[in-house]
Structures are given as C-alpha cells and as structure tokens.
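S.K.: The chain contents come next:
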Amino acid sequence: MLTQLTSAIARPLSRRKALATAAGLALGLSFFGTAQAQDTIKVGVLHSLSGTMAISETTLKDTILFLIEEQNKKGGVMGKKLEAVVVDPASNWPLFAEKARELITKEKVAVVFGCWTSVSRKSVLPVFKELNSILFYPVQYEGEESERNVFYTGAAPNQQAIPAVDYLAKEEKVQRWVLAGTDYVYPRTTNKILEAYLKSKGVKQEDIMINYTPFGHSDWQTIVADIKKFGSAGKKTAVVSTINGDANVPFYKELGNQGIKATDIPVVAFSVGEEELAGIDTKPLIGHLAAWNYFQSVKDPENEKFIKAWQAYTKNPKRVTNDPMEAHVIGFDMWVKAVEKAKSTDPDKVIDALPGIKAKNLTGGESEMLANHHITKPVLIGEIKADGQFDVVWKTPGLVPGDAWSKELEGSKDLIGDWVGKKCGNWNTKTNKCGGQGS
Amino acid sequence: MAQFANDSFSDTEAAISAVAASGNARALPIVQALQDGRLVADPATKKVYIKENDGKVSDAVTGQAVAPSFANLGNVRLNNRLRRSVEAAIGGLTLLSADPARRLQAAQSVFRSRDAAALATIEGALEKETDASVRRAFTQARAAILLAAPDAPEASRIEAIAAIRDRGDQDALALLTGVAADPSPRVAQTAQAAISSVQSRLAMWSAAQNAWYGISLGSVLLLAAIGLAITFGVMGVINMAHGEMVMLGAYTTFVVQEVIRSSYPGLFDYSLLIALPLAFLVAGLIGVAIERGIIRFLYGRPLETLLATWGISLILQQAVRTAFGPTNREVGNPSWMSGAFELGQITITYNRLWIVVFTLAVFALLLLMLRYTSLGLEMRAVTQNRRMAASMGIATSRVDALTFGLGSGIAGIAGVALSQIDNVSPNLGQSYIIDSFMVVVFGGVGNLWGTLVGAFTLGIANKFLEPVAGAVLGKIAILVLIILFIQKRPRGLFALKGRAVEA
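Quick note, the sequences are listed as chains G and X, same order.
Oh and the first sequence: position 355 is 355 in our numbering, straight run, nothing missing.
Oh and the second sequence: position 21 is 21 in our numbering, straight run, nothing missing.
Treat the hints as calculated values from the structure; they're not laboratory data.
One or more of the hints may lead you astray.
[Said to hold, decoys possible] In silico lysine-lysine, DSSO-like type, Cα no more than 30 angstroms apart, as pairs:
#, chain 1, residue 1, chain 2, residue 2
1, G, K283, X, K47
2, G, K192, G, K235
3, G, K261, X, K51
4, X, K488, G, K385
5, G, K341, G, K360
6, X, K128, G, K385
7, X, K46, G, K299
8, X, K56, G, K299
9, X, K47, G, K395
10, X, K51, G, K318
11, X, K56, G, K318
12, X, K488, G, K299
13, G, K299, X, K128
14, X, K56, G, K283
15, G, K385, X, K46
[Unchecked claim] Over 12 angstroms on every C-beta distance to chain G, these chain X residues come out as not near it, computed from the model:
#, residue
16, A163
17, D166
18, N210
19, Y213
20, G339
21, L367
22, Y432
23, R489
Even glycine gets a Cβ: it sits at the ideal position worked out from N, Cα and C.
Modelling step: build the complete structure from the supplied sequences, incorporating the hints.
M.R.: This is how it looks when you write it as structure tokens:
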C-alpha cells in the first residue's frame with residue numbers, strides 16, 4: 001500500500017549501498033582498462049542490476065555483453081576491440097543521471113545502451129545533452145519526445161498500441177474498451193492517445209473505461225469483477241493493458257481464477273512478454289494477446305540463429321528472448337555500422353551518420369533509423385500459448401515507421417522530429433518553426 | 001477437411017462449420033481434438049490427423065490408426081474467434097449427449113453462442129429432458145436464441161425475457177440490454193422492466209461481493225501482519241526485515257515445488273502442506289540468527305534497530321536475487337486452490353477462500369499458544385516486565401530469541417500462502433512491510449485481537465472505497481483515515497491499559 005513511502009525511506013540507504021558496490025565495480029573495471037591495450041572502444045551499459053527494475057533490466061545488460069563478445073569475435077569495430085563498462089543505477093532515478101555522467105566523463109565511453117523506465121530516461125537526458133554523448137533506449141515508450149542524443153529502438157505508440165487496437169476492432173469486433181494501466185507516465189500518455197484515437201473512430205465515452213492502479217498492485221479482485229461487469233453490456237469488450245511489471249502476475253492469476261477467458265474478454269498487453277510469463281501458469285491465459293515488434297516464436301532464420309547463440313552464451317537452453325532484447329540487437333548493429341560509416345566514434349559524427357542506417361531485425365525485415373531517431377519496425381500480435389510463448393496471429397504487412405509525436409493528441413499532431421534536414425526535435429509543420437510543445 | 005491444412009484462420013473457420021454441420025459421427029472427435037490442440041495437418045498432402053493423448057496418431061476422417069510421419073505435420077492453429085466457433089460447435093454436437101453434465105455444458109455454450117441453428121435440437125431435447133438443472137439451462141439457451149433472433153414471434157420473445165430475467169446475472173443483463181431498444185414496444189417494455197429487476201438484484205449482490213473481497217484482503221493483511229504483531233507488537237522491535245521473512249517463506253515454497261516437480265510429481269497437490277513446516281523452520285531459524293547476532297545488542301534503541309533491520313532486509317533481498325535471479329519464479333497452484341465457484345452472483349476463488357481459512361487457523365493457533373503453553377506464558381511475562389521475569393528464573397535472552405523466531409516463522413508461513421496470489425520475486429516482502437506496520441499500529445500495539453480487527457477493518461474499508469474512488473485514491477484515503485485516527489487514539493484500536501502499558 002505504501003511502496004512510495006518505503007522507497008522514500010529507503011532511498012538514502014539503498015543509494016549509498018549501490019554507490020559503494022558500483023564504485024567498487026567501476027574501480028575494478030577502470031583498473032582493467034589501463035592494464036589492457038589503449039585502443040579499445042568503450043561501450044557503457046546503464047541498466048539496473050538491483051532494486052525493483054532488476055527483474056527486467058538484468059537481461060538487457062547480458063544482451064549487450066553478449067553482442068559485444070560476438071562483435072569482438074568478428075574483429076571488433078574499425079579494428080579495435082569493444083569493451084563493456086557496466087554500472088548499476090539500482091532502479092534509482094537520480095542515480096541514473098550520476099552513473100551516466102560517470103560513464104561519459106570518467107570512463108569516456110563512446111556510446112551508452114541503457115534505461116528502461118521513462119523516468120530514468122528523462123533523468124539522464126540533460127546529462128547526455130550537456131556532455132554530448134549517445135544513448136540507445138530499447139523499450140517501448142509513450143512517445144512525445146525526440147532528442148538529438150537519444151536513439152529510440154523500442155516502439156512508439158503508433159508501433160504498438162494503435163495497431164493492437166485496430167486488430168481487436170477488426171478481428172474481434174470489439175466495441176467496448178477497458179484501458180487498464182499502472183499509474184505513471186507511460187500508461188497515462190498511451191491511454192490518452194488511445195482514448196483520442198478510439199473517439200476519432202466513433203467509440204462513445206460510455207464505452208471506454210479507464211482504470212489506474214498503483215505500482216505492484218496485488219489485490220485485483222474488485223477490478224477484475226468491474227471488468228467482468230463492464231464486459232456484460234451486450235457488446236464485445238476487450239482490455240487494453242498497460243499494467244507494468246510485477247502487478248501483471250496477480251492480475252492474470254485473478255483473471256484465470258475468476259474464469260474470464262480470452263474468448264469472452266481478451267486482454268491485450270503492451271508490457272507482458274516472454275520474461276513476465278515465465279512466472280505464471282499460462283494454461284488459463286491461452287488466447288490472451290500481446291502486441292510487440294518481436295516474439296521469440298517468430299519463425300525466421302536470423303531469429304533462430306540468435307536464440308541459439310544467446311542460449312549458448314548464457315549456458316541456459318531455456319533462456320527466453322524478448323522484444324527489448326531485439327531492440328538492443330538492432331540498435332547495437334546500427335551503432336556499429338554508423339561508426340564504421342563515420343570512421344570515428346566522435347558523437348557528432350556518429351549522430352549524423354545514424355539516420356538512414358539499416359540493420360536486420362529478427363523478424364525477417366530490415367529496420368531503418370529515421371530522421372526523428374526512431375526506427376521502422378513490424379507490429380506483431382501474439383496469442384499466449386500453453387508453453388508461455390506467443391503464437392503470432394497477425395502482423396502488419398510492412399514495417400511501420402515510428403512517430404516521435406502522436407498524431408492523435410491535440411498538442412503534438414503538427415510536430416515532427418527531424419534531425420537531418422531541420423536539425424530539430426519538435427519542428428512545427430504549421431508554423432514552420434522549431435520549438436513547439438515538449439522539449 | 002483439406003481446409004484445415006491451409007494454416008489460414010478463415011479456412012479453418014469454414015472447415016469447422018462444415019464439419020459441425022455434417023452430422024457425421026467423426027465430427028465430435030475432430031472438433032474436440034482441435035480444441036485441445038491435438039489436430040495436426042500435413043500442408044503438403046492436405047491430410048489431417050488426430051494425435052491421441054497416448055501418442056498414437058489416427059486419420060481424422062476414418063478414425064483408423066496410421067503410422068505417424070511427423071516430419072512436416074503442423075498443429076492446426078486457433079485464435080480467439082476460432083476458439084469461440086469451436087466451443088459453439090462442440091455445444092451443438094453434445095446437446096444430445098447421454099451424460100447430463102455434458103448436456104449442461106453444451107446448453108451453456110449454446111447460451112453464449114446464440115447459434116440459431118441449434119434451436120430445433122434444443123426444443124427437441126427440452127421435451128425429453130428430466131434433469132431439472134439441465135432443463136433450466138436448456139430453457140435459458142432457447143430464450144437466448146429467441147432474443148437474438150428479431151424475427152421470432154413476439155409472444156415467445158416475451159416469454160424468453162421472463163426466462164432470462166430469472167437467471168438474474170451479468171449475462172442476463174447483457175442479453176436484455178440488447179433487446180431493450182426492440183422495435184416492438186411490448187418486447188421493449190418487458191425488457192426494460194426485466195432489466196431494472198435484474199439490476200436491483202445485482203446491486204445487492206455487489207455489496208455482498210465487496211464485503212467478501214474486503215474479508216479476503218483483510219485476511220491477506222492479517223497474515224502478513226500477524227508475525228509482526230509478535231516481533232513489533234509484543235517485543236517492541238521495529239523489524240524492517242519482516243517482509244523478507246515472508247519472501248523467504250515464498251521462496252521455500254518455490255524450492256519445495258521444484259524438488260517435487262523433478263522427483264515426485266505425484267505429490268504436487270501436497271506441496272504447500274510440505275512447504276509450511278519447512279518455511280516456518282527456515283524463516284524461524286534465520287529470525288533467531290538475526291536476533292542473536294544483531295538485535296539483542298540493540299534492545300531499547302528503536303532508531304538503531306530500525307536501521308539495522310533495514311540493512312538486513314537489503315542484504316536478504318540481494319542474497320535471494322543473487323541466488324535465484326532477479327526474475328519472478330513460478331509457484332504453481334495445486335488443483336484444490338485453482339478456479340472458483342459461484343455463490344449466488346459472487347465469484348469466490350478457491351485460493352482466496354483457503355487463505356481466509358488458513359489465516360484464521362494460524363491466528364487461533366497462535367492465540368492458544370500464547371495462552372496455554374509455558375513458552376507463551378514466559379513470552380508474556382518477559383514482554384510485560386523483563387526484570388521481574390528474570391528474577392523469577394526465566395531465561396529472558398532465550399525467550400527473546402524464541403519469540404523473535406516465532407514471529408519470523410509465522411511470517412515464513414505467510415509467505416507460503418502469499419506465494420499463491422502474488423509474485424515470488426526478491427521484492428515480495430517490500431510490498432507488505434508498510435501494510436503490516438499499518439495494521440499493527442492501527443489495531444493497537446501488543447494486542448493480537450487488535451491486529452485481527454485492524455486488518456479486517458482496513459481490508460473491508462479499502463474494498464468499499466475502491467469502486468467509488470479507484471485503487472489509487474482508495475489507498476490514499478485509507479492512509480488519511482489512519483493518520484486522523486492515530487491523532488485521536490495514538491495507541492490504536494485496542495490499547496493496552498494499566499500496568500502493562502509501562503512495559
């Protein structure tokens with residue numbers, strides 16, 4: 001009930017502890033750095049290895065270490081070996097900024113792969129701007145942002161939320177919508193976009209129910225009962241879930257126990273992937289949906305090769321892969337190509353080289369970095385299978401370019417991000433001026 | 001049949017309706033195999049086979065066993081739309097089954113699908129039906145079909161509305177709302193009347209439902225807080241690592257289930273019973289170790305105790321994270337804790353019901369222990385007046401260690417129960433610690449009955465606020481209420497009076 005309070009008490013202590021461990025780690029690493037040959041390229045990894053977000057972010061740290069090892073086997077980049085510098089921001093948002101600063105100024109990394117939550121990204125933004133470095137951000141997010149120093153390899157709302165809603169309206173003939181989310185910026189913005197989008201499609205206000213729950217909510221009885229009630233108004237109903245992380249397991253358990261089957265009220269989730277399902281018995285959940293740009297079950301030679309190498313690297317034949325991992329795979333590949341194209345790791349040159357770079361994604365296509373620093377991705381809808389994997393039931397015909405600014409929201413529909421021609425992240429196409437809403 | 005092999009959802013759908021309408025005796029096994037994911041097809045030869053549970057493969061059309069050539073056989077895939085048509089097809093095919101339970105199920109699935117094609121079969125079956133509950137289900141299914149078909153005669157539709165009104169649940173409301181705007185004024189009027197009657201009945205049930213949810217939430221709060229009521233309430237130790245004891249109990253359950261899964265799969269339904277004593281021991285022993293190693297040096301210094309135990313909680317969390325990994329661990333529900341049953345219009349899930357029962361049992365046991373055993377007596381003596389107890393020959397330091405161990409052990413068994421409804425992750429404990437303190441402080445420090453009343457009051461208040469204010473505001477409102485309450489009665493609901501207070 002009072003997790004905010006606990007973390008408020010916890011912050012000074014946990015930060016100190018994390019600082020100590022991370023400082024020790026960094027010390028050890030920098031010591032190694034000087035002992036080794038001077039011409040390595042350092043790659044910063046800024047993912048939480050302790051605290052609440054460790055559950056999701058630890059895998060991404062492993063992914064980058066894996067990619068670096070693979071790249072070094074191929075001879076590194078421009079003849080230089082890559083070297084990872086791992087720091088632990090401990091799920092503590094201000095600490096993300098401190099650690100980012102440490103990576104850039106002290107470790108002199110060429111690029112940083114990191115962050116998961118939007119709060120952590122917002123917290124490191126000023127650091128990357130001030131010190132002019134590069135961040136690759138691999139997670140689906142709420143959009144409404146385009147920064148010169150950040151490359152967004154996860155999905156923008158138009159690459160996940162909107163196609164998912166379209167699928168439900170078309171394939172499942174859904175007319176009533178429950179937008180359920182955890183109470184923070186990503187679900188709130190996504191739901192605002194979805195609400196505007198649904199209304200533009202003629203859905204009435206009384207057919208939309210919006211519900212927010214606190215982080216880590218574990219007692220879902222009332223809400224599931226409400227959803228059941230809302231769903232029995234004679235119109236086909238679906239739940240669009242932006243429920244985050246830990247709260248999902250009790251939510252799905254309650255759905256299963258109260259007997260809400262996917263054939264009655266399907267739930268489409270934007271934050272539930274293979275990793276999250278690993279903690280639940282999925283049999284009662286068969287048929288519930290998730291919208292992502294990648295599923296482990298996608299049949300594609302690139303994907304199969306990747307999964308095999310990944311499981312060999314982690315020495316765990318059951319280790320799953322997920323969407324943000326694929327985003328890192330694409331982002332890493334793009335960065336390598338851009339460095340080779342620019343023949344330098346200088347941030348300005350790499351930032352200019354990145355737009356237009358193409359890299360194979362793991363679903364059989366080729367993603368491209370766009371001028372707004374988002375990428376093109378396919379959108380896939382998967383149904384949960386009994387083994388905790390997803391069966392892809394629908395896929396966009398081509399790749400969808402990511403919109404930095406949502407076309408559905410009043411304040412942002414005229415804005416575009418263009419770092420190639422206009423050199424501006426929020427160009428207003430109406431007034432033809434740089435600078436609109438946002439930053 | 002060949003359409004099944006095309007791996008296209010619309011072809012599969014056409015195939016299902018063709019098979020269901022064929023009237024062939026093979027139709028039912030085929031559709032059932034499809035539902036269970038046992039129908040496989042060869043995309044090259046367009047042949048369709050059924051995989052039996054014992055690993056044999058038979059030709060779907062003839063039913064004869066064939067030698068399997070699995071090389072390029074692929075499961076016929078389903079999506080939600082197809083699952084619905086499969087369910088409807090099975091309903092239609094089993095309406096005349098000899099087994100009343102299957103007939104009931106069939107009637108219910110026809111009720112959901114409102115498949116007009118089944119009307120004639122249902123009317124035929126209705127005449128012959130002897131079982132009362134199946135008869136009711138048939139009548140309702142028939143009514144649902146009639147209401148969904150606007151061309152049915154007006155009189156029979158009005159009769160149908162009455163049948164649906166008697167059902168009185170959310171599904172009935174959904175159906176009736178559909179006809180409320182019927183072109184025929186008489187039908188529309190009857191439907192309106194039926195809707196308001198169903199609605200008033202449902203409103204009553206929803207209050208009952210909130211009360212049940214409140215009791216269920218209250219029992220979870222009580223279970224988490226009861227161990228703390230001993231360490232904090234009775235001993236006065238601010239134990240911030242209490243939540244981690246709960247987490248250790250949950251991880252013990254996970255380990256027990258892992259062992260059972262790999263070595264004794266038959267025992268899975270008993271896994272929780274086996275985990276209970278183990279969780280008590282694991283958490284209890286760690287509790288004793290913490291008390292002996294750290295807390296005993298800090299009695300009477302609450303601030304230092306708070307910091308030290310907070311440190312312990314961080315150490316335990318990171319230790320578990322290192323040992324088991326940061327991701328959630330799957331703890332399965334034994335069969336007797338899965339699913340739900342309907343009591344009137346309330347859905348009661350078995351796992352919540354068992355947790356309520358379990359909590360009350362733990363509470364009663366603890367109460368008896370404190371009242372009737374010599375350890376209980378010594379505990380009460382030491383906590384009331386340490387020096388006097390020591391003069392009477394009680395080994396106070398031994399009692400301190402055992403009391404702390406008992407509190408921690410109970411937190412451990414709470415973890416076994418909570419593993420059934422929450423994530424088993426290193427963060428499990430954090431989400432309960434503040435709630436637990438709130439319950440103990442609200443209920444009155446040093447009084448187990450206060451903890452009981454406090455937990456259920458908070459649970460029920462929370463659940464009645466939640467539908468009105470939403471989950472986020474509801475929690476804030478509860479907090480504000482507690483702050484106001486503590487202003488008025490700083491010692492909680494059931495404050496200790498008299499000389500005991502001085503201890």
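S.K.: Does each hint fit the structure? Answer for all of them.
M.R.: Verification of the supplied hints:
Under the criterion of a C-alpha separation no larger than 30 angstroms, the hint pairing G:K283 with X:K47 is consistent with the structure, at around 29 angstroms. The straight-line distance between the Cα atoms of G:K192 and G:K235 is roughly 22 angstroms, inside the 30 angstroms bound, and the hint therefore holds. At most 30 angstroms may separate the alpha-carbon atoms for a hinted pair to count; G:K261 and X:K51 meet this at roughly 25 angstroms. Pair hint X:K488 plus G:K385 does not hold up; C-alpha atoms about 54 angstroms apart against a cutoff of 30 angstroms.
Only pairs whose Cα atoms come within 30 angstroms are accepted, and G:K341 paired with G:K360 is accepted, the gap being roughly 17 angstroms. Using a Cα cut-off of 30 angstroms, the hinted pair X:K128 and G:K385 is violated, with the two alpha carbons roughly 40 angstroms apart. Taken as a hint, the X:K46 and G:K299 pair is honoured in the structure, with Cα atoms around 21 angstroms apart against an allowance of 30 angstroms. Simply put, X:K56 and G:K299 have alpha-carbon atoms about 27 angstroms apart, close enough for the 30 angstroms limit, and the pair holds.
For the given pair, X:K47 sits about 27 angstroms from G:K395 by alpha-carbon distance, which is consistent with the 30 angstroms threshold. Taking the CA atoms of X:K51 and G:K318, the gap is about 26 angstroms. The hint holds against a cut of 30 angstroms. For the suggested pair X:K56 and G:K318, the alpha carbons sit about 28 angstroms apart, so the restraint of at most 30 angstroms is met. With a CA separation close to 65 angstroms, the supplied pair X:K488 and G:K299 exceeds the 30 angstroms bound.
The straight-line distance between the Cα atoms of G:K299 and X:K128 is roughly 52 angstroms, outside the 30 angstroms bound, and the hint therefore fails. Using a Cα cut-off of 30 angstroms, the hinted pair X:K56 and G:K283 holds, with the two alpha carbons roughly 24 angstroms apart. For a cut-off of 30 angstroms, the pair hint linking G:K385 to X:K46 stands: about 24 angstroms separates their Cα positions. No beta-carbon of chain G is positioned within 12 angstroms of the beta-carbon of X:A163; the least distance is around 17 angstroms.
With a minimum CB-CB distance of about 17 angstroms to chain G, X:D166 clears the 12 angstroms threshold, and the non-interface call stands. Not every Cβ of chain G is farther than 12 angstroms from the Cβ of X:N210; the closest lies at roughly 7 angstroms, contradicting the non-interface assignment. At roughly 4 angstroms from the closest C-beta of chain G, the C-beta of X:Y213 falls inside 12 angstroms, breaking its exclusion from the interface. In this structure X:G339 is not separated from chain G by more than 12 angstroms, as the shortest Cβ-Cβ distance comes to only about 6 angstroms.
Non-interface status of X:L367 relative to chain G is upheld: no Cβ of that chain comes within 12 angstroms, the nearest being about 26 angstroms off. Listed as outside the interface, X:Y432 is inconsistent with that label: its C-beta sits roughly 9 angstroms from the nearest C-beta of chain G, within the 12 angstroms cut-off. For X:R489, the shortest C-beta to C-beta distance to chain G comes to about 20 angstroms, beyond the 12 angstroms cut-off, and the non-interface label holds.
Of the numbered hints given earlier, the model fails hints 4, 6, 12, 13, 18, 19, 20, 22; all others are met.
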